[in-house]
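Place chain E on chain A using the hints.
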Amino acid sequence: MIESNQAQENLREQFLQEAKGSISGVEEDSNILAAILTGSAAWGKPNPAGDLDILLIAHEQRGVVYRYLVPKFCPVPRRTELGYIPYRTAVEKIKEGHRNQLSCSLIEQLKHGRVLFQRGSQGDDLIDSCRRIQPSRLIIGELLNNIRGVLREIKWNIDQGHTKGATLAIRRMVQLSVRVLLLARERTGIAKEKHEYRAVRRCLNEMETAEYERLLGIKGIGEKEARRTVGSTIDFMKRFLQRWSISPDLVNYE
Amino acid sequence: MNEEDKELRGILYKEAEYIAKELRGDPSTLAVILSGPLALGRVAESHKLYFAVITNKDDGIIEHHFLDEGWGEVKRPIEMGKFPLKVARYLLQNGYTDMVSYKSLEAFRCGRVLWEKDGVGREMIEGAKRHIPKKRFIGESLHGAVSALDDAFSLLRNGDYLNAVLVAREAVTKAVGIVVGERMQEGDISFLEAAEELLPPEQFALYEEILDIRGVDLSIAKDNATRARKFAEYTLREIGVNPEHIFGSEGEEGSR
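Chains A and E supply the protein sequences, listed in that same order.
Taking the numbering used here, I'd label the letters of the first sequence as residues 1 to 254.
Taking the numbering used here, I'd label the letters of the second sequence as residues 1 to 256.
Same shape as in the complex, but just chain A:
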């Protein structure tokens, strides 16, 4: 365990050095107020083959800009995405709370961010405000309205004998219920689908998690079944892409 932690620590250090390298010279640009490393490279368990995601907080800028460093043309050893966001926009998005996927994503990124450079304290201030954020009544209200709507959908489907439609609506209601709970208990919104189940395991006890898994139809799924489902999804996507005259290599995972 100690060795494994040490390996992760070394990897994070490597990412940190590469991140610093990829923004070298940024301190000379007076328009950049702060640079923040985000994603698993900044915390948790970095993927050795993962990307570098860096947010640069700009003083004055027209809109939000993402810059993709194309490895073929840039002396960067790994895929790097630099997001430039005006300070004012970042503050406004954080104020929106977990209103939509974009604001959730910004908050969750910054909450776990690591400041690489800052001119004053802007990087720390943004990170602190994301860590302090309280769930908004308005957003919880919207989720509650959605739950109410989905309950009607479940009833309608059952009355019509549409068991498949009912099953999908039931799953949606359970997921919405969990999202409300996550917001209230952990002040966490769901920026990407993959974060939801991880949060569920943190937030619900064993019995509640078992009920969540049962209602979502994933209880007891093991490696074999998961491989079959993901394999079928890849197969579906390949056929889907071919039908749209798009190369299926976009979802080639071999």
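Hints are supplied without guarantee of correctness; some may be wrong.
[To be verified] Below, a list of computed lysine-lysine pairs in the DSSO-like style, where the Cα atoms sit at most 30 angstroms apart:
hint: 1; chain 1: A; residue 1: Lys164; chain 2: E; residue 2: Lys174
hint: 2; chain 1: E; residue 1: Lys14; chain 2: A; residue 2: Lys111
hint: 3; chain 1: A; residue 1: Lys155; chain 2: E; residue 2: Lys230
hint: 4; chain 1: E; residue 1: Lys134; chain 2: E; residue 2: Lys6
hint: 5; chain 1: A; residue 1: Lys72; chain 2: E; residue 2: Lys117
[Stated by the list, open to error] Here are some chain A residues the structure puts well away from chain E; computed CB gaps all over 12 angstroms:
hint: 6; residue: Glu9
hint: 7; residue: Arg78
hint: 8; residue: Asp128
hint: 9; residue: Arg132
Please keep in mind that the hints were generated in silico from the structure rather than gathered at the bench.
Keep in mind the model is a prediction, meaning the values are calculated, not measured.
Glycine included, each C-beta is placed from N, C-alpha and C at the ideal position.
Then chain E, alone, in the frame of chain A:
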């Protein structure tokens, strides 16, 4: 196209010309290409304006600008990809390998040149035809589905099996959403009904298999509905909300 749409199209083209003029003011600009639905002749008040801009910059960086508040006189949200000529030519030569390169080529393929030097804009549009045979603008929605599938695969590889299944289902639902989106706007039809109508039968069957919704009988569905309601009531009480305020008392819920 009705009169209202024709008028809107005229306004949007004028706005696009304005942006092109602004971009021409930058000496590094080699071509301004209008892309997105407007370039395909489709208009809606809610649509963004999309542009692909070719530059003579030497840094090998693709820039993606999100101008949600518009630009100057144009108050409409704008998305703009800026490509150094050598990167754009590399993409034309090598095709797409991921969603960033796919969306770039798609933007060229759907494009309509607003301004160019030395035929650079037309070169992009013609070159993209090799890789994207049909004019379509689905890259943005497709990106969500592909990205979710990437996540599902990565979760599977890390042994997070239950999460992998959940995210795989999201991926396939997003993909199906691309097909059924317009159909659902047309009338009172559910997502599943639209999917069954528009997907080839074997693909619809695979979709149902991935979602694992076949073989649920009505009594199980009813039992699950009751349990789901109890689950929701529990979460509501946990956050201090009286479930009756949301659901009413038993039997009060409305219809679809």
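Hints versus structure:
no., hint, result
1, A:Lys164 x E:Lys174, "holds, 18 angstroms"
2, E:Lys14 x A:Lys111, "violated, 42 angstroms"
3, A:Lys155 x E:Lys230, "holds, 14 angstroms"
4, E:Lys134 x E:Lys6, "holds, 25 angstroms"
5, A:Lys72 x E:Lys117, "holds, 26 angstroms"
6, Glu9, "holds, 19 angstroms"
7, Arg78, "holds, 14 angstroms"
8, Asp128, "holds, 25 angstroms"
9, Arg132, "holds, 19 angstroms"
Checked against the numbered hints given earlier, the structure breaks only hint 2 and satisfies all the rest.
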